[in-house]
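Q: For chain A, the structure is supplied; the task is to place chain B on it using the hints.
Residue numbers (our numbering), protein chains in the order written: chain A, 2 to 239; chain B, 43 to 401.
Read the hints as simulated data drawn from the structure, not as lab findings. The structure presented is a predicted model; accordingly, all values stated were derived computationally and were not measured. Hints should not be assumed to be uniformly reliable.
What follows is a list of derived Cβ distance ranges for each label pair [what the hints assert, rightly or not]:
(1) B:SER310 / A:GLU160: 48 to 54 Å
(2) B:TRP71 / A:THR62: 22 to 28 Å
(3) B:VAL72 / A:ALA232: 37 to 43 Å
Glycine residues also receive a C-beta, built at the ideal position from the N, C-alpha and C atoms.
One letter stands for each residue in the lines below.
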Amino acid sequence: MLAKLLHGLVMFTWSVFFFWLYFVDPNQLAKLLHPKLWWLVLTGGTILLLFSVITFKTARTHHHATPLRWSWPSVAIMLVPLAYCWSTQSAQLGSHTFLARTTTTPNMSSPAFSATTNNSPQQPMADNQVITSLSQVAFNSRQLNGQRTSLLCQTMKNENLPEDLFICYRFRITCCAADALPIFTFVQVTPQNTLPKNDDWVRVNGTITSQTVEGRTFPLIIATSLTSEQAPSFPYIY
Amino acid sequence: MPQKTVKPIPLHQPPQISEAAGLRMELAWVGGILFLSISFLVLLLGQSRPYSALVGTISINFLAMMVEALPFMLIGSLAGGIIEVFVPVPLVEKLFGRHRIWPIFATAAMGLTFPVCECAIIPVIRRLLGKGLPFGAAVAFLLGGPIVNPLVAASTAVAYNLDWQMVIVRLGCGYLIAVVVGILLSCKFSHANAVIPHMHGQISPCCGHDHCSANTQNTSLKAKLFHAAGHAADDFFSVGYYLVIGTFIAAFIRSMVPLEAFTHFLASPWQGILIMMVMAVLLNLCSEADAFIAASFRGVLPDSAQLAFMVLGPMFDIKLLLMYFGVFTRKAIAALVITVLTMVFLTTMALHFFFFHPL
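Next up, chain A with everything else stripped away, as it sits in the complex:
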């Protein structure tokens, strides 16, 4: 009976956690799951609530074959993810994940990046449209050459990059944070701009251009201004 009560309690705790994510802390949920799948959390919470009520109701009459002294670790294991919820509060996917999940970054110590690029951008286009989508910049930099842009992104800088360059990146997710893949552009700054710390959120205003390194073309923004920003409620690109 005690084992069944514990099962019911674990399911009830998970149910409360799911409802809390959905109704009380959607920012935390946005860090984990694509919004198109949020219905799953609501469904999961409802099923768990149902299961826990039924388990409580049948606890007295159920004959459990496994003694509690053997089965308690499996009950505790079910609570482990909830303990990890605590450390996700202040965490975010950062430059470590960026480096681990990208296979397309060029050799950043390449001579092409070692000096200030001479790939001057064209004049801004007549329609004066400001591009705010990092995906658009990352995948269409040639077509958008010369356009103005204003991007909100995280930053990454390491010893392989020249002084005046950093990477501006965000993660695109399909289902959950575990399948997040980085999308990025290089940003060239003037000496007046103070470079932000790694993984800080910044708004980059500048002009889109591109740079060819080792036969591959990478987007590059010539920054006119760089301002620190708060992390957005929805940190990923969908």
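A: Frame of chain A, contents of chain B only:
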């Protein structure tokens, strides 16, 4: 006065724990304590500054996978409970029980009408096996269901920019391998030697609740639904902790191992296929998301290697392996894993030389 003999009251007797089951219980207990200790240590490590970012990443991946997978598993458990109470054994026997081979061809494609992901399929399989579904047919559904289904077809099409050839080849490959593995395993295994004895007890007609499935024929719909949910809750708990352990290992690997580590071994197609198969096992991605990861290797790896990743992932990974322990015997799991790995490798190699890059 002579004593009148009274018949004993037919009380429910919980199944006796055999020596082998006791040993398994002790091993599970030790494994559980080990996992709890490691996960607690990692959590503690996250409190120190040098490791806080890494543990934060592990936590996000771990929790994200759990929050995504758990509802699917709950839905699967609910489906399993409904099968247990509403699908009579004679119906399953009539549909699948008379033949050993032909149901395999049907169940491998059952995902088309009953789309389930790999997290949801285990509880459903448990109940279908209990209802008398032949072992080979259950294996075919287990392997084919998470690939041969419309949701996976749609996500593959989106990831590959509506490249329908890749969609058809992926689903076709999944179906073919599910059928072949189902047939091969059904030659050697049956319920008796492939399904764990502990589960025989749980899914037998008298299941340990205060009812027998044989008696549910005359009960009301409300009572039946109540029983179905009771079974589902039990199933969820029987397999749930395997999901937690598997997901934790997957999150750990996903956070620690860079993708580039795999791209150093790509001198030939067979190396590419093998590496992508290793990645599929280690990364434990959902079958609806894995196409996007595979597609990110376009231009880096041959199509056959990307296909190996997309076909193997939904059939076998660490999380699934641990969940198999809640249903199958160790011998059956070993045979299943070896056959699946061999089939995926041979099929994708054949496709590489005869389809993607004809000699």
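Q: Does the Cβ pair B:TRP71, A:THR62 satisfy 22 to 28 Å?
A: Distance hint for B:TRP71, A:THR62 holds at roughly 26 Å.
Q: Per the hint of 48 to 54 Å, is the separation of the Cβ atoms of B:SER310 and A:GLU160 within bounds?
A: Since B:SER310 and A:GLU160 have Cβ atoms about 34 Å apart, the given range 48 to 54 Å is violated.
Q: Does 37 to 43 Å hold as the CB distance between B:VAL72 and A:ALA232, or does it fail?
A: 42 Å, holds
The structure fails to meet hint 1 from the earlier list, while all remaining hints are met.
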